[in-house]
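**Student:** Turn these sequences into a full structure, and let the hints guide you.
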Amino acid sequence: MSLGEQNNYYDVLDLTPGASEKEIKDAYLRAKTTYNKDSVALYTLVSPEEREEILEQIEEAYGVLSNNERRKDYDRCHGLLVMDDSHLNEGVANDIVSIDRVPPMEVLTSEDILIPPATDFIENSAFSESSGPSTRMEPVSRESTAAHERARTPQDVQSSQTPVIEPVSAEELAREIEWRGSLLRRIRESRRISVEEMSTATKISKSYLVAIEAENFAKLPAAVFLRGFVTQISKILRLPPERVAPAYLARYYLSRPDQHS
Amino acid sequence: MDGSVKKTLPPFGDPNAGWFPLSDSLVSDKERTSPDSQINPFDLITTPAYRHIKQVWAIGGGKGGIGKSLIASSLAISASRLGNKVIAVDLDLGGANLHTTLGMDLPKHTLSDFFSCRVNSLEGCVIPSGIANLEIISGAHDAVGVANISVSQKARLLEAMLALNADYLIFDLGAGTTFNTVDFFLFSDIGIVTLLPEPTSIENAYRFIRSAYYRFLRQSHRLSEVRHLVDMAMDSNNPLGIRSPSDLFREVNKASPECGINLKLEIGRFRPKLIVNQARTQTDIDIGYSVKTVCKKYFGIEMDYIGYLDYDSAVWQSIRRKRPLMLEFPNSRLVSSLERVSHELIKHYGHQRNDALMGIK
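Chain order of the listed sequences is A and B. Under numbering that gives the first Met the number 0, the first residue of the first sequence is numbered 0, with each subsequent residue one higher. Under numbering that gives the first Met the number 0, the first residue of the second sequence is numbered 0, with each subsequent residue one higher.
Just so you know, the hints here were simulated from the structure itself, not pulled from any lab data. One or more hints might be untrue.
Straight-line alpha carbon distances no greater than 30 Å define the calculated DSS-like cross-link-like pairs of lysine-lysine that follow [what the hints assert, rightly or not]:
| id | chain 1 | residue 1 | chain 2 | residue 2 |
| --- | --- | --- | --- | --- |
| 1 | A | K202 | A | K234 |
| 2 | B | K321 | B | K84 |
| 3 | B | K253 | A | K36 |
| 4 | A | K21 | B | K295 |
| 5 | A | K31 | B | K263 |
| 6 | B | K84 | B | K53 |
| 7 | A | K21 | A | K36 |
| 8 | B | K346 | B | K295 |
| 9 | B | K263 | B | K295 |
| 10 | A | K218 | A | K234 |
| 11 | A | K21 | A | K202 |
| 12 | A | K24 | B | K84 |
| 13 | B | K295 | A | K71 |
| 14 | A | K36 | A | K24 |
| 15 | A | K31 | B | K84 |
| 16 | A | K21 | A | K234 |
| 17 | B | K263 | B | K53 |
| 18 | A | K31 | A | K71 |
**Tutor:** Okay, here's the thing in structure tokens:
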């Protein structure tokens with residue numbers, strides 16, 4: 000949000016339309032801290048009236064974006080990127096062929112659905128050192144580090160920053176029919192959501208989450224619970240649950256005849 | 000940048016009347032007739048044919064006592080330890096003490112000798128710091144009035160600095176928002192603003208960012224058509240009621256939508272980095288994020304919050320011993336966070352200097 004232009008709710012919270020629920024919540028808390036009555040960061044730049052006004056916008060934006068239904072409506076009205084799954088449901092009934100094969104989604108033109116959220120590099124590295132700060136300086140000889148630094152081009156440097164997580168493209172997703180645990184894991188990682196965060200967001204224990212991603216069916220609970228888990232995970236990952244859950248459950252039924260539906 | 004500088008006169012009155020009072024004792028008659036602020040010092044610089052300088056960093060922040068010299072000297076030591084040839088330049092003209100934070104005695108040759116032509120070239124002022132790969136151009140021993148260098152002297156200095164034989168130049172800027180300080184800040188590839196988590200420092204940091212921001216826009220060739228509007232925005236008592244960057248954006252758009260687009264582009268190029276110094280609590284650390292958010296809202300700029308430094312009593316101890324903090328307390332938490340910040344800077348923002356970006360031909 001900048002320079003007094005008309006902002007949408009995402010701009011108000013400094014988010015992109017693909018933001019996850021957690022990102023929205025974090026952004027809201029950050030904005031509330033920034034525009035808090037006692038925030039020194041406003042000193043001389045933002046007047047009390049402006050502060051009130053901005054806070055109102057923040058509340059309004061969060062009120063809509065934190066509610067899935069209202070957010071969908073808002074996105075649709077404003078022509079923002081959405082996983083529009085309403086039309087997908089219509090197709091499912093006609094084309095369904097078998098229990099473990101659900102038809103692919105239409106190819107979505109918007110490619111940025113699964114691009115991980117932009118983060119300042121510092122959030123990953125420099126700020127993550129609340130304990131034991133001096134460990135990061137490896138005892139490498141200065142000369143070799145220096146020569147190494149120089150030899151690298153900026154591109155090299157950038158690409159070597161974060162472990163390469165292969166992003167999942169929209170087409171790949173649209174064609175996806177199996178929704179294996181490994182894919183769910185890849186998507187989760189590409190969105191930079193840790194197992195812990197996923198566990199907090201879904202209230203599913205970490206061991207179940209790991210088992211779901213590893214497709215360790217023996218360790219998983221009864222189908223009725225598992226369906227709920229997979230649905231929850233899909234929602235957090237902004238995937239269509241009505242496609243992910245049946246596909247995933249189909250494999251579960253195959254390996255657990257006792258759980259026949 | 001097409002290189003042709005349009006000298007468009009604003010459509011009303013005398014554009015310079017009352018905007019920039021000049022009390023500059025060293026300004027020549029020629030310059031007096033054309034006010035200092037009106038000349039873009041970067042226009043006067045010719046880039047040397049062959050250069051070593053990879054990047055220029057500047058550390059500023061408006062208020063005094065917020066750690067500019069400490070951070071500058073620490074970044075310099077840290078960059079030199081990575082094998083880069085570094086020259087730290089004390090541009091706190093009239094208040095120089097970078098040499099003290101580096102633990103050096105009073106240097107023989109300083110910038111004053113360069114300005115008064117007592118040395119033949121700037122190389123004569125470059126003196127070893129006693130630390131491998133690190134040299135310093137000091138501002139100590141200053142003649143009274145050295146703080147008030149003229150725009151031609153400033154251009155001569157910048158030009159000479161570009162010709163120096165080093166990988167990194169690190170500018171330690173003075174407090175305040177004089178044109179000289181701001182111009183040195185804008186000359187850098189990486190401009191770092193430091194602040195303390197307290198109202199006085201934040202007030203001055205905003206004032207500093209504001210001065211640099213408007214001066215940056217003022218010097219943009221793309222915005223020469225609406226320069227009078229930028230001039231107006233610099234004084235909040237202007238007739239059009241331009242009080243904030245968003246007011247300026249509105250007026251510029253009114254004058255010419257094309258310039259409105261250019262204004263946005265130019266604003267996008269202004270990306271100062273932020274360091275919060277003397278952080279004691281998590282709230283202090285969060286102030287950096289809040290300042291970043293507020294700056295985006297108010298100025299429309301993307302600031303990079305590159306790190307915070309802990310409050311550490313090692314600092315005053317090392318200053319009393321007149322020894323660089325980096326060498327005196329190498330294992331302190333503060334030193335490791337300083338090292339981390341400089342490593343990140345080199346890793347993420349290190350690139351070949353591109354003068355075309357700065358409006359220098």
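**Student:** Hints first: check each against the structure and report whether it holds.
**Tutor:** Each hint, compared with the structure:
1. Restraint check: the Cα-Cα separation between K202/A and K234/A comes to about 13 Å, which is no more than 30 Å; the hinted pair holds.
2. For the suggested pair K321/B and K84/B, the alpha carbons sit about 23 Å apart, so the restraint of at most 30 Å is met.
3. Distance check on the hinted pair: K253/B and K36/A sit about 35 Å apart at the alpha-carbon level, beyond 30 Å; violated.
4. For the given pair, K21/A sits about 22 Å from K295/B by alpha-carbon distance, which is consistent with the 30 Å threshold.
5. A hinted pair counts as satisfied when its Cα atoms are at most 30 Å apart, and K31/A with K263/B qualifies at roughly 27 Å.
6. About 10 Å separates the Cα atoms of K84/B and K53/B, which keeps this hinted pair within 30 Å; it holds.
7. Distance hint between K21/A and K36/A is fulfilled; the C-alpha atoms sit about 25 Å from each other, no more than 30 Å.
8. With a C-alpha separation of about 24 Å, the suggested pair K346/B and K295/B falls inside the 30 Å cut-off, and the hint holds.
9. Restraint check for K263/B and K295/B: satisfied, since their Cα atoms lie roughly 12 Å apart, inside the 30 Å limit.
10. Between K218/A and K234/A the CA atoms are separated by roughly 22 Å; this keeps the pair inside 30 Å, and the hint holds.
11. Simply put, K21/A and K202/A have alpha-carbon atoms about 13 Å apart, close enough for the 30 Å limit, and the pair holds.
12. Proximity of K24/A to K84/B is assessed by CA-CA distance (about 46 Å); at most 30 Å being required, the pair is judged violated.
13. This hinted pair checks out: K295/B and K71/A have alpha carbons roughly 27 Å apart, not beyond 30 Å.
14. Of the supplied pair hints, the one linking K36/A and K24/A holds, its CA atoms being roughly 20 Å apart against a limit of 30 Å.
15. Using a Cα cut-off of 30 Å, the hinted pair K31/A and K84/B is violated, with the two alpha carbons roughly 44 Å apart.
16. A threshold of 30 Å between alpha carbons decides the hint, and for K21/A with K234/A the separation of about 12 Å falls inside it, so the pair holds.
17. At roughly 27 Å between alpha-carbon atoms, K263/B and K53/B fall within 30 Å of each other, so this suggested pair holds.
18. Under the criterion of a C-alpha separation no larger than 30 Å, the hint pairing K31/A with K71/A is consistent with the structure, at around 24 Å.
Of the hints listed earlier, those the structure fails to meet are numbers 3, 12, 15, in rising order.
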